[in-house]
Amino acid sequence: MDHQPLQKLKLKVHGTHCASCEVLVERAWKKVPGIEKVHVTHASGKAEVWYTHKPNMHELERLIQKDGYRVVPWHERHAAHAGAHKNSITDYLEIGGAFLVLVSLYYILKQFDLLPTFAVTEHMSYGVVFLIGLVAAASTCIAVVGGLLLAVAEKYSELHPELTGFQKFKPHIYFNTGRVVGYTMFGAAVGALGSVISLSATANGYLIIAVSIVMLILGFQLLHLFPWMRRLTPKMPKFISHKIHDLSGKDSKAAPFTLGALTFFLPCGFTQALQLYVLATGDWQVGALTMFVFSLGTLPALVSLSAITSFAKGAFQRYFLKFAGVLVVLLAVFNINNGLTLAGLNVHIPNFGSSGIAQAETTPIVDGKQVVRMLVNGYTYTPNRFTVTEGIPVEWQIDGRNAVGCGQVLVIPTTGLTKYLSKDAVTIVRFTPEKTGEIPFNCSMGMMSRGSGFTVVPNTTGAVADVDAGDPEIIPECDPNLTTCLPKPEAQKFALTVTNEQGFYPNTFTVKKDVPIEVDIDAKVPLGGCMSVMVVAPYDVTLPLKLGKNTLAFTPTKTGTVYATCSMGIEMLQFNVVDS
Amino acid sequence: MKTTITIRGTHCKACKALIEDVCSDFKEIASCTVDFATGKTDIEHTDELNWDELKREIESAGDYKVELAHNI
Numbered sequence: 001m002d003h004q005p006l007q008k009l010k011l012k013v014h015g016t017h018c019a020s021c022e023v024l025v026e027r028a029w030k031k032v033p034g035i036e037k038v039h040v041t042h043a044s045g046k047a048e049v050w051y052t053h054k055p056n057m058h059e060l061e062r063l064i065q066k067d068g069y070r071v072v073p074w075h076e077r078h079a080a081h082a083g084a085h086k087n088s089i090t091d092y093l094e095i096g097g098a099f100l101v102l103v104s105l106y107y108i109l110k111q112f113d114l115l116p117t118f119a120v121t122e123h124m125s126y127g128v129v130f131l132i133g134l135v136a137a138a139s140t141c142i143a144v145v146g147g148l149l150l151a152v153a154e155k156y157s158e159l160h161p162e163l164t165g166f167q168k169f170k171p172h173i174y175f176n177t178g179r180v181v182g183y184t185m186f187g188a189a190v191g192a193l194g195s196v197i198s199l200s201a202t203a204n205g206y207l208i209i210a211v212s213i214v215m216l217i218l219g220f221q222l223l224h225l226f227p228w229m230r231r232l233t234p235k236m237p238k239f240i241s242h243k244i245h246d247l248s249g250k251d252s253k254a255a256p257f258t259l260g261a262l263t264f265f266l267p268c269g270f271t272q273a274l275q276l277y278v279l280a281t282g283d284w285q286v287g288a289l290t291m292f293v294f295s296l297g298t299l300p301a302l303v304s305l306s307a308i309t310s311f312a313k314g315a316f317q318r319y320f321l322k323f324a325g326v327l328v329v330l331l332a333v334f335n336i337n338n339g340l341t342l343a344g345l346n347v348h349i350p351n352f353g354s355s356g357i358a359q360a361e362t363t364p365i366v367d368g369k370q371v372v373r374m375l376v377n378g379y380t381y382t383p384n385r386f387t388v389t390e391g392i393p394v395e396w397q398i399d400g401r402n403a404v405g406c407g408q409v410l411v412i413p414t415t416g417l418t419k420y421l422s423k424d425a426v427t428i429v430r431f432t433p434e435k436t437g438e439i440p441f442n443c444s445m446g447m448m449s450r451g452s453g454f455t456v457v458p459n460t461t462g463a464v465a466d467v468d469a470g471d472p473e474i475i476p477e478c479d480p481n482l483t484t485c486l487p488k489p490e491a492q493k494f495a496l497t498v499t500n501e502q503g504f505y506p507n508t509f510t511v512k513k514d515v516p517i518e519v520d521i522d523a524k525v526p527l528g529g530c531m532s533v534m535v536v537a538p539y540d541v542t543l544p545l546k547l548g549k550n551t552l553a554f555t556p557t558k559t560g561t562v563y564a565t566c567s568m569g570i571e572m573l574q575f576n577v578v579d580s
Numbered sequence: 001m002k003t004t005i006t007i008r009g010t011h012c013k014a015c016k017a018l019i020e021d022v023c024s025d026f027k028e029i030a031s032c033t034v035d036f037a038t039g040k041t042d043i044e045h046t047d048e049l050n051w052d053e054l055k056r057e058i059e060s061a062g063d064y065k066v067e068l069a070h071n072i
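Sequence lines, in order, name chains A and B. In terms of full-length UniProt numbering, the first sequence has 39 at position 39, counting the first letter as 1, and numbering is strictly consecutive. In terms of full-length UniProt numbering, the second sequence has 59 at position 59, counting the first letter as 1, and numbering is strictly consecutive.
The hints are simulated quantities; they were obtained by calculation from the structure and are not laboratory data. Among the hints, a few may not be true.
Within a straight-line C-alpha distance of at most 20 Å, the following computed SDA-like cross-link-like pairs (lysine to any residue) qualify [as the list claims (entries may be wrong)]:
1) A:Lys30 <-> B:Glu59
2) A:Lys558 <-> A:Val511
3) A:Lys170 <-> B:Asp35
Pairwise CB distance ranges (calculated) [claimed, not checked]:
4) B:Glu53 <-> A:Pro300: 52 to 60 Å
5) B:Lys40 <-> A:Pro300: 35 to 43 Å
6) B:Lys40 <-> A:Lys524: 51 to 59 Å
7) B:Met1 <-> A:Ala210: 53 to 61 Å
8) A:Thr499 <-> B:Glu67: 51 to 59 Å
Each residue gets a CB set at the ideal place from its N, CA and C atoms; glycine is no exception.
Please model the complete structure; the sequences and the hints are all you need to start from.
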């Protein structure tokens, strides 16, 4: 033996997750001639090697590679993870390419009007529900559910780099089975209870923002952008990681299964709309079937995603991960904006992909008022941004004849204005911006063009308001000179309550024609999503439902059946109008 | 001959690899397969195998408890 002093080498071993890993790596390396001592810490993956002859890195890696570990020099540990690499120029070019492809694809689809615009309506066939599922999974819902799935998949493969494609795919099977079973069961529960499991618009907004931030970090991690972000982990709530970690030992089926089932509660427009639909039906069988069919519809897209993440190899996997990363980041940005609007804040996140076009200039002031025109087509406002002057009345002409779903109800969260857009004519909304700043608007579920709003600028031209145009909403209720001012018939009064147990109860009323109706609605539970607004379309009535007392008032002028619906057209109340 | 023993404390693939590696140091052992989920370990060995030594080696490699069958 020569008596060279021992030298130390510090390495990072990726994939060590328990004490056995330490022993395993130590044992493997101690057999290498020239290595005197090895010490591995599984938590940090730090390996210290004392040697007399410097060992070959590749040799060290080869010895433990078959067990699924990877080795990098300690000082390079952050740049790489689980066999990843520092991004090279090629990588950035690829990321940029993926970005361009996805954005162009979006615009092309938009241009040809191929983007799905499905509205949830009453009396849907299960075929339609299935289609909605297909579309949902390929669009908005993949943002949250798919993001979660990608996160789980990534975490799982990181823990088990040695697994084969099928072994990696197994948890996805449980995840998706969990989803289908969970949706069916929760669907039945919602149908049976007639209770709504949803949040207020604002809470929904914040939840979306929170989920999006997690997605954003995840997206950056997939792309290996901002290596420091890795140190920002936990990527997922601890309890999830722990459950996923448990998989390592027991091959547990429960964790991904539970996770899948719980996706029922994730904020996704389609899922929520269907939950409300089920709620309105108040039938557990319909509820179970509807959600079952919906979750089946979401399967193809999600299973494809699972399959690709599990089986992809080599260059294809590299490209796929780049696309997935860019997509997750884009969707996260969309979602954040969406959430901000719902929370009543309009912050300008650079809006690539926003379907909206801003009106170019400040709206001219003509006759003391500012006239802006907006077209609502499907789920898009055109233009969706206006610049108006402070203190001057705005006449907002909205052509909502082609609006669908929740697009039929316009909400300005900051002022509390809620307006049902007429199906037959241009709807006019008048308001006067009182102070400079932002006035965001969207539909009651925040599903329309992101970042829509008014920018109110100071009045620098000295223009004056046309006093008459200011408050035209106040129409003299009764003109004594006209015959319309007959003594008002006594209103037909009704009362109902909204509870978790019974939903809207009672929900069917027989009323007389030409006699005003007043329904006191006592909401004992907060109503969220599209349920936050009640609409009586034929009489142009919109009523934002807040917790507590609300009054719905209108006068039926035709006999037959009139429905009060949520903003997406799901029936909430039924009025049978009979001749008085 | 083939013997099945139970090792408590195996919880992951690393444990499996580790124990199989320990076994491979015994020239009396021809093959060793650990099912880390159940701890069941199938060992193909000759009569000369020193069970106590194997038990000692495995238990010193980690937090394991080797349960030898009564007939050994």
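Verification of the hints:
Using a Cα cut-off of 20 Å, the hinted pair Lys30 of chain A and Glu59 of chain B holds, with the two alpha carbons roughly 19 Å apart. Among the hinted pairs, Lys558 of chain A with Val511 of chain A is consistent with the structure: their alpha-carbon atoms are about 11 Å apart, no more than 20 Å. Between Lys170 of chain A and Asp35 of chain B, the direct Cα distance comes to roughly 18 Å. Compliance with the 20 Å bound is thereby established for this hinted pair. Remark: the range hint 52 to 60 Å for Glu53 of chain B to Pro300 of chain A is upheld by a beta-carbon distance near 56 Å.
For the pair Lys40 of chain B and Pro300 of chain A, the beta carbons lie near 39 Å from each other, so the given range of 35 to 43 Å is met. Distance hint for Lys40 of chain B and Lys524 of chain A: a CB-CB separation of about 57 Å, consistent with the stated range 51 to 59 Å. Checked against the given bound of 53 to 61 Å, the beta carbons of Met1 of chain B and Ala210 of chain A, roughly 60 Å apart, stay inside it. At about 58 Å, the beta-carbon gap between Thr499 of chain A and Glu67 of chain B stays in the expected band of 51 to 59 Å.
In this structure, every one of the numbered hints holds.
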